[in-house]
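Chemist: Next come the chains, spelled out residue by residue.
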Amino acid sequence: MSTPLLSIRDLHAKIGGREVLDGLTLEIGAGEVHAIMGPNGSGKSTLAYVLAGRPGYEVTSGSVSYRGQDLLSLAPEERARAGLFLGFQYPVEIPGVNNVYLLKAALNAARKQQGKPEVDAFEFLALVREKMKLMQMDEAFLSRGVNEGFSGGEKKRNEILQMLVLEPTLALLDETDSGLDIDALKVVAHGVNTLRSAERAIVLVTHYQRLLDHIVPDRVHVLARGRIARSGDRDLALELERRGYDWITGAAA
Amino acid sequence: MPTAAATSRRLEQLATEAGLAPRRQALLKAALAAGLPTGRDENWRYANLRALDRQVFSAAAVPDAEALQLAAAALPAALEGHARLVVVDGWLSTELSTTPLPAIVTRLENEDALSTTALDDAGASPTTTRTPATPLRAASGAPTVDLRFAQLNAALAPQTLSIDLPYGSTAAVELVFVATADASHSASHPALQLRIGDGARLDLVERHLGAGAAATFSNADLRIEVGTQARLRHTRLQQLGPRSKHFDTLRLRAHDGAECEYLVVAAGAQSARSTALLELLGREASLRWDAVSLGDRTQINDAFVRVEHIGRGTRTRQAFRGIAAGRSRLAFNGHMIVRDSAVGAASDQSLKALLAGTEAEADVRPQLEIYIDEVRASHGATVGKLDEQMRFYLLSRGLDPATADALLKWAFVEDMVARIALPALRHQVEDVMAAQLHTVIDTAELR
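Just so you know, the protein sequences line up as chains R and S, in that order.
Residues 134 to 386 in our numbering are what the first sequence lists, from first letter to last.
Residues 1198 to 1644 in our numbering are what the second sequence lists, from first letter to last.
In short, the hints are calculated from the structure, not lab data.
Be aware that one or more of the hints could be misleading.
[As the list claims (entries may be wrong)] Label pairs and their calculated CB-CB ranges: (1) S:E1556 - R:T193: 49 to 59 Å; (2) S:V1580 - R:L260: 38 to 48 Å; (3) S:D1545 - R:E281: 14 to 24 Å; (4) R:L258 - S:K1582: 30 to 40 Å.
Think of the CB as a built atom: it goes at the ideal place given N, C-alpha and C, for glycine as much as any other residue.
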C-alpha cells in the first residue's frame, strides 16, 4: 500500500486552553475527496486551521505527516508552498492589496519553492482570465482590494479562484458552501471538480450534505467532540441528512 | 534648567540683538512675554519641545550659490501644469522657481527686513515693500499658546510669499520649502499667505525638503483664506532630512460653500510638530483632512488639528493613519469643535495608528466639543498591531512574513494617497512612503 498523502495520528489540539481536537486519526490518499461533517463545535474548522498552521491553535500531541514530511514543523507559508491550500470559511477583506497582486505573489511563492522562475506576466494574465471565466467572475475583481466589499458568495468564488490558480496538492475547503445560493454553489462545485486528479486530494469541511450532491466524495467522516466518530462512503452523508447527527454523536459519548 | 526658560532667554537675547528692527523686537517680546508652549499645555503634550534646546532662531541669510545648488539638487521632478515656487531657508529663489513668476504671486519684503543684504534678483520679480497683511486673527477661543510659533515666524521671517487667486480663476502651484542652513547658526522661517477668491480653484502642493546633510531648523507659517464656493486641494509633504527639526502652523478660514481637501504626509525630520487651526466659517463649508504619518528610528512626529465648525451645515471628514516603527513616537490630536451657530454640522473622525516596532509609541486622540444638538458627529480611534487574521490569510497563500507585513502596512496607508488625482504626484508620494517604510514589496505593482 502506498503512503497516504496526509496522515493524521492521534491529534490533540487546544485553543485558548480548551481541548478541541481529542485524538483525531485520519488518512487521506492522493486522488481522494473526503468530506468531514459534524455538528457545530465538533472541531471541523479547528482541524482545518491546525493543518494550515493558524497561530493560536496549539497542538499538544499527535502527528501529521504530509507527503512524508512533518507538517506541524512547517510555518504556515511553508505549508502553502508545499501545496497545501486552505479555503477559508470567512475570507478576510484586505483593502489596499489588490486581488491580482495577491494571486501573483502567491503563485510566484509556490513556483520559487519548486525552483521555477517567476511567472511571465502575459501567461499569468491568460491563466487568471481562464480561471475567472470558469468561476464566472468579472475581470474587474482583479483590480479590487482582496475580498473588499465582496458579497459572501463572491468571497467564496474568490477562494476557489485562488485555488485553481495555485493548483494545490491538498485542498482544505472550510464550509465553502455556506452562504451560497444554488447557482453559486454549482459554480463553486464545478470549480472544485475541475481540480480533481489522481495526484491531489480535496477535503471538504461541511455541515450540510447538499454540497456533496455536486462534489461526490470518496469518503465521509463524522467528527464529534474532536475525533472521528464514524467513517463511511457517500451513503453516510445521505443517512446524516435523514437522521441528523444525534445518533452518532450520542453513540460517541 | 527648564527647557522653556532657557529657550526664552535665548529668544530674549535675540530680541535685543542689533539688526532686529524695532517692530520685530516688539513682536518677539510680546510672544515671549506670553510664554512658549510647554509639555503642560494641553495641545503640546506630545510635541518634542526639547527640539528647541540650544536652538538658534536668527533667520538664515539669503542663500548663497552653494545653498541654491544644494536646494536645486534636492528638487523632485516638476509636476505638469504646476507653477513651481522654491523658497530656500525662508527666501524665495527666483532662479529655482518658474520664470516669470505667475502674476498671482507676490513677494512681500518688509521695510524692516532682518537682512539688509541686497536681494539676489532685485527687480526681477514683482516685489512690494509694504509690510505683510495683518495675520488672520486666532481662531476664536484657541489658546494663544498654539499660535506662538506663528508669532515667532512673524517676528523673524525675512519675507512673506503671497498668492492671491482672483475671482473664479484656476491655478496649480507647487510650493517647495527647502531648508539648507545649519541649525547651529540660523533657522529657516518661511511664510505664506494665500487668498483664494470666490469661486476660484487652487491645487496646491507644499513640500518641505532638506538639502544636503545639514541639521536644519524650520518654522513655517501658512495663512489661507478660501473664498465663497472656492475649492482648495492642498497636498502637504514633510520629507525633511533625518537631522532636521521642524515646526509649522497652518491657519485656514473657509467661507460659504468652500471645499477644502487636504492630504498631509509626514515622513521626514528628526522631530516635527504641525499645528493646524481651521475655521469653517461659512455655510456649508467643507473640509476633508487625510493625514499619514510614518515614523522610524527615533523620529518624533506630532500633529494637532483643530477644526472649528461655525457656519451652518459645515462638514469635516478627518482620517489619520500612522505607522510607528523603530523607537519612533507619533501623535495625532484631532480637536473638533461645533459652535452653537453650526446647525446641521457633521463631523467624522477616524484615527488609527499601527505599532510596528516594539519600542514605538503612538497616541491618537479625538476630542469633540459640541455646543448644539443638531449635529452628526462620529469618531473612532485605535492604536494596534497588524491584523493577525489578515496576516494569516496572506501567509496561508505562501507569502513570506516580511512580504505579508510590508503589504499590510502599505495597505494601511495606501488608500489615503490613492485619491491623489495627478499620477505623477501620487507616485512621488508613494515613493516617499515606500522609502520611509523600507518596504520589501514593489509598490508600483499595487497601483
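Chemist: Hints first: check each against the structure and report whether it holds.
Modeler: Hints and how they fare:
{"no.": "1", "hint": "S:E1556 - R:T193: 49 to 59 Å", "result": "34 Å, violated"}
{"no.": "2", "hint": "S:V1580 - R:L260: 38 to 48 Å", "result": "41 Å, holds"}
{"no.": "3", "hint": "S:D1545 - R:E281: 14 to 24 Å", "result": "20 Å, holds"}
{"no.": "4", "hint": "R:L258 - S:K1582: 30 to 40 Å", "result": "35 Å, holds"}
The structure is inconsistent with hint 1 alone, although it conforms to all the rest.
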